[in-house]
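Q: The hints should help you fit chain G onto chain C, whose structure is shown.
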Amino acid sequence: MPMDEPTVRRPMKPALFALGFSAVVTQLTLMRELLCVYSGNELVIGVVLGNWLLLTGLGAWGGRTSAGLRRFSGVLDIGLLALAVLPLATLIAVRTLRYRFFVRGATVEPTETVLSSLLILMPYCVLSGWLLTACCARTAESSDDARGLGSGYVWDCLGGLAGGLLFSFVLAPRCGHFAMLLLPAVLLTAWVAWTALREGRAGRFGAALFLLGALLSAFAYADPDEWTTAREFDGQTIVFRGYSPYGRLVVTERAGQRDFIQNGVPLFATGDPFPKKETAHLALLQRPEAKRVLLLGGGIAGTAAEILKYPIERLDYVELDPLLIDAARRSAGDAPEARVLSDPRLTIRLDDARRFVRETRERYDVLVVDLPDPSTAQLNRFHTREFFREAHAALAPGGVFSVALGHYENRMTPELEPLIAVPFRTLIEVFDCVSILPGAQRIHFLASDGPLTGDLEARAASRPELAFYPEYLRMWLTRERLEDLHLATSLDAPLNTDLNPRLYYLHLRRTLSQFQGRYGVLLGVLAVATTLFLLRARAAQVGLFAAGFAASALNVVVLLAFQTVHGALYRDLGWLTAAFMLGLAWGAARATRVARDPGPSMARHSAFLRVLLALGVFGALLPGALWLLARLELPFGAPLATCLFYPGLIVALAGLVGAAFPLAACIGCDDAAGAAARSFFADYAGSFLGALLASTILIPVLGVVQTCLLTGLLNLLAAGLIWSRRG
Amino acid sequence: MNADRDRSPTRRQALRTGLMGVAAFLGGGGTVYLLTRSRSRAANGAALAPVAERTSCAVATASAAPAAPVVEAPAAPAPSRGQPSEFPGDAPQGELWELWQKRGWAREARYVHASGSSVLCQLCPHECLLEPESRGRCRTRVNKGGKVYTLAYGNPCSLNVDPIEKKPLYHYLPDARAFSLATAGCQFRCLNCQNWEISQRRPEETKDPRGESVRAEAGRRYSRGEFERLSVFPDDVVALAEGTGCRTIAYTYSEPNAYFDYMLDTARLARAKGLKNLSITCGYIREEPLKELCRYLDAANVNLKSFSEKTYRALNAGRLQPILDTLRTLKKHGVHLEVTNLIVPTYTDRMEEIERMCGWIVETLGPDQVLHFLRFRPLHKLTHLPSTPAQTLADAREIARRAGLRYVYVGGAPEIEDACTTFCPECRKPILERRYMTLTARRMNGDRCASCDAKIAGVFETARNG
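Just so you know, the sequences run in chain order C and G.
Read in the working numbering, the first sequence has 498 at position 498, and its numbers run on one by one without any break.
Read in the working numbering, the second sequence has 363 at position 363, and its numbers run on one by one without any break.
Any given hint could turn out to be false.
Across the chosen pairs, the derived CB separations fall in these ranges [to be verified]:
#	chain 1	residue 1	chain 2	residue 2	range
1	C	433	G	430	34 to 44 angstroms
2	G	391	C	339	15 to 25 angstroms
3	G	145	C	453	52 to 62 angstroms
4	G	428	C	465	24 to 34 angstroms
5	G	430	C	453	32 to 42 angstroms
6	C	230	G	268	53 to 63 angstroms
7	C	511	G	235	37 to 47 angstroms
8	G	217	C	288	36 to 46 angstroms
9	C	526	G	145	33 to 43 angstroms
10	C	511	G	217	28 to 38 angstroms
11	G	430	C	313	38 to 48 angstroms
12	G	391	C	511	24 to 34 angstroms
13	C	512	G	235	35 to 45 angstroms
Calculated pairs, EDC-like style, for lysine to aspartate or glutamate (alpha carbon to alpha carbon, straight line, at most 16 angstroms) [claimed, not checked]:
#	chain 1	residue 1	chain 2	residue 2
14	G	166	C	471
15	G	166	C	409
16	G	331	G	292
The hints are simulated quantities; they were obtained by calculation from the structure and are not laboratory data.
Just so we're clear, the structure is a prediction, and the values are computed from it rather than from any experiment.
Glycine included, every Cβ here is placed at the ideal spot set by N, Cα and C.
In isolation and in its complexed conformation, chain G is listed as follows:
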């Protein structure tokens, strides 16, 4: 089966748009998403099918001549500046807005460009044009009185201490514990999101500014009611991370770029205190804010969800090219980078596409780039697809290795032999063994193989917590 195979897009789109148009009369949500997708297709001019065609051709050519960056040529056309807001008139009002401000959960947002009463948000490639009282696609940025505020500041909806392997980050301070946090919101609409209960929510749906404020304390758990009133400002995050014995802070779960301002302020303070900052992200961010973030960011795991514009649109409501740009920028600024690729049956499991992706990674990011393949499981709205076969995951790993990548892992499939083991690229001996996201054996001296003294890519300083 070929998901990108030729179809008759105009007839299909016309039929679907017609049906969804009726649906939009009664329902919002996914319908609006589909409609918006259709609209963005139209707005992108020349239509999508030709773009996808060009992608395939250019990639094939590039594979034949590896010196050329693979996906440079097929860059998808940039969207017209300023997409209309997905949530017009949806900014918080009245008492809720006052209380939100009073709690300090609303801050003027960075990377915006005012144009009369409307404001162009320039944080992510969606570039929402926010009319007064409207909300961006990320659900966290609103236009109030001609100014854009982020509603995701000091109000995380999830706080946990996780092993760094859970992110996954395998080549950055193995066995370290990461103080992990998230607020509501995300720029994407991944149909298989495992965190949909926070990523596809407004901050107001996860937090409650009414009642008595609750202060964060290390080691204490909160009931849902208490947690909804809990404030954790950047200095609190740093204090909590230190209090729980963590040397790293992970901005994770939903999408850290949706709470960019909160993340940036926290990362700055954390850096000053010697803590490491980790971003677990879809990578959908424009270059200027990313460059500023890179000044404080130590490591990142970017979820490269597929290597096809078409799949990005179908499953994630996003675009591929900006993610590739993010990967390059992170690499260029020396941030430790690991890439994750979820293999979704019938969408991203074509071996030729995986081969192209690995080729691009080797060419652009280098053979030492860490790559994780993840097993898909039916979740959220993508429940009518089976889980990824173990053989597909093993084949993908083999392709990646053949393409020249030295550190390739498979997540969610413990039945695959050495799925999470790091091998020395020189002597081929296992140097880091993991099981269920836990480090179980380590045969390294610093950042070198204990057997042959070869240098292993990554950051391996002794990082036991506490």
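Bound conformation, chain C alone:
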């Protein structure tokens, strides 16, 4: 098919680089923003990422229509300008329209999450997918030869690599979400302006310049973050807003109360000590003479203030996000929560709590975990056998460990019962004695190798300065309530471990039981659509689908493992994504050389076959590798090891996946656009299913090992299919 002359002259590789750059920065930024909307856990990440990949895949599929376009350069310029504006428009829409569709203050339900994120992401993803296929097809040597498609893929990945690095090391530590999205917008409009100038297109040059000016003026003279945040928290006065590598923090004020809201969810409020009293005192009353106390999270929320009412010598408080401390110092005023920061007995440690516990050489009399429920895999790390062992090692002989989750109102439900039985079973593996107390706020698990007293009432009564009155204990720790929890522990429960996060799954099940979504219907639709695709697809596309599935599913596994050891995935996701892009580009570049080889197609077939076999083996060996990595003591220290080995695994995985694309694209190829469309769609469809299923069903229900084995098996089956169609 003939292409118009200007398009042939125009270099496509920089456009693909810009597309990749924009896609990664936009994806990482919008994922963060949408986590605030949907109060996200890995399920939400899986859904949003899955939708992103699905929509981009559909756009890429539609990209085959670009082959017949006569004025492609004009379409490309308009498309790139639209891609510059769409992320910013999406961000504004997310913040200002949320409560037009959903009840103010209410959790967005799962089906609404799926559908609304699909709608929100649709314009950007479909357009970027379409442009990806269109540009990539034009990097091929000729329109009827798909062997050179790999080079376009490489340039897209290189753009993604640059975007990931810039996001992680420049944008995320310094910028808000609007500023993050401004950079790709400026890059795209500047690129369009430059090419238009070069090609003598005055109209497009003027349009690009106007857009560039408008964008820069909007940021110079207005603060979109300020007014969209005000709309988002309608009815509350914003006294602080900021971004950190760990999340978005907003502090609002209403009737003298300061509310700290992180990633959309209220963390705590000043002047409301009641919720934190039971966390502090149920643990400390066991050892009122404690000298050294370790507090993981919650310190700024009032727990530290309650613990410091005891005559302790030292309180080490581990907090991940320094912005939280900074915001409290600046905006909590004279509230006790902020005053406590100047107590000389308090030492704030800005670190991942789990890493701190593992590495500390101190021995504590009491260790209090004051973190939210295990609603995410990130938080599940603080309820596993491995963590309990680390905590046990950080305690002085007879020291008390305290952790809390859930809430017992007045009825034991099938969803709540295992949430009590699993932590009990896991704790009793490590500690000699475990006590479960149903407080007004949460269910508290106290564990120790020493004795645990049941006579808290007398101890509370003897310390009126705590304002933790015996009436409170009498009200909530009744014999009946204690017996109900005790009966729940008789359930035959599995252990909660790092590689098998049962508690995360159980918590997810309980959360989802609030909603009545027909998840079966959704899965049924997915199953039918996948089956139809696989039946109609060519063998090479099935292989690419399997590789895409592995790319997402195994990547999620490695990321979760990284998070378990290192913590703070939110902060590190940018450079880990860059590592993935590096692997893709490296693999694709090597495979493109094979694909371009004018030799017999058998060589490409066997190379593709080897790639799929390697992915199968990778899946099978991954759990063992992760298990070893988590236990490897390296002479140069754990952080360096995590910096090297986990990204190394990601690069290796992505290298294999990246190699699959150029090889699959040229197997049985005809026209470049068609091959690009089919290949991108198969790749993205596989990635979509991998991201969605791994994070929502496979890992929570089956566990990490089975997920890896299943993914490996899928690739081996695909390799078998390719082998059967050889020649």
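A: This is chain G only, laid out in the frame that chain C set:
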């Protein structure tokens, strides 16, 4: 911020309904709730925004002329008779239904009106039109073969002994213990329900009629498996209450009107045995069944969730006017009444609305009406709102006192001074002091202040249990 502020309802509704329509294809639950809400808006004819406007105007007028009952004028239009069932074809079938009947957990329901094979349920203002094999909004009433059965009978999913202050009832037998029970089900869909694990469930999700029946015994605790098979019929409830030394039985936790027939039969037996009956309710019930219940009811705490039709629809999927009617009826029939109002930030924390509500209470129920303000905490689905500031609660209490109410309390905020203390309205001395829902000091002689002998509203006979 003003939650009732003017918006463009038609555009919003069209957009939301469009999105939810797609959502409904894949998901039920909250989506269905939203859709139903939209449908009921349409069914209510003239649309909601004008109704809310009329409410505001009428209330403002009434405040200026206190003699006029405040919310009489703005009565929301009654829904069309017979709302379609939220759960069509959802009645229990086959073996489950047979076992349910065999256990005695299904009883023919009162207050229904048959119309061919369909039946109009006339227990609550929803007035569900139950097609064969469908289930009402309360989740407890089903149409089987043209007859409506309640599935919530003799099968409580929660049994506890609580201090009466926990209900909260502060002016009714202080320090008494209440034998408290609940079955699954509720007419409302409160987004912040703290008992969602029972109120938003079908009875079949909380009980299991298979296996050996378990008999209730005083003082024994049951594993979850045993409890799911446990039957507690009305005479058992009375025996258990007596066996645990309770003089009162509280129908509470979920929504007692959802198990109306079970409650009524139990209350009748309890009255005969000299036990007191307490209903802790959202008050969503029609007048005729309520009148019958009043014959046996001794005290009630009605949760007046807001004083705005719009908020009732947004947060609770209910209507305000029927609750106000319930309050009047209870008062008229001499049931001891206490009112609870949860202050939800950005929804029910506008002081002018609280002022209107207090004005209405004083005018309609009298200055001796006990009122509890409760602190909101993020729960269930309403997790993106902060807890209620203590200052807002203190301000609300002050407004209520200024409006003329003599007994106003604040729950869930122990940092507020005297949040739960009863003061003598004459000498202003503290006469009943409470901490964490426990009575800690009592300075009364019978129902009179120990200092000045003023009569205190309520029922204060010596009620130590046992």
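Q: Now tell me if each hint is right for this structure.
A: Checked hints:
no. : hint                                : in the structure
1   : C:433 <-> G:430: 34 to 44 angstroms : 43 angstroms, holds
2   : G:391 <-> C:339: 15 to 25 angstroms : 19 angstroms, holds
3   : G:145 <-> C:453: 52 to 62 angstroms : 59 angstroms, holds
4   : G:428 <-> C:465: 24 to 34 angstroms : 29 angstroms, holds
5   : G:430 <-> C:453: 32 to 42 angstroms : 34 angstroms, holds
6   : C:230 <-> G:268: 53 to 63 angstroms : 57 angstroms, holds
7   : C:511 <-> G:235: 37 to 47 angstroms : 39 angstroms, holds
8   : G:217 <-> C:288: 36 to 46 angstroms : 39 angstroms, holds
9   : C:526 <-> G:145: 33 to 43 angstroms : 39 angstroms, holds
10  : C:511 <-> G:217: 28 to 38 angstroms : 35 angstroms, holds
11  : G:430 <-> C:313: 38 to 48 angstroms : 41 angstroms, holds
12  : G:391 <-> C:511: 24 to 34 angstroms : 32 angstroms, holds
13  : C:512 <-> G:235: 35 to 45 angstroms : 39 angstroms, holds
14  : G:166 <-> C:471                     : 12 angstroms, holds
15  : G:166 <-> C:409                     : 12 angstroms, holds
16  : G:331 <-> G:292                     : 14 angstroms, holds
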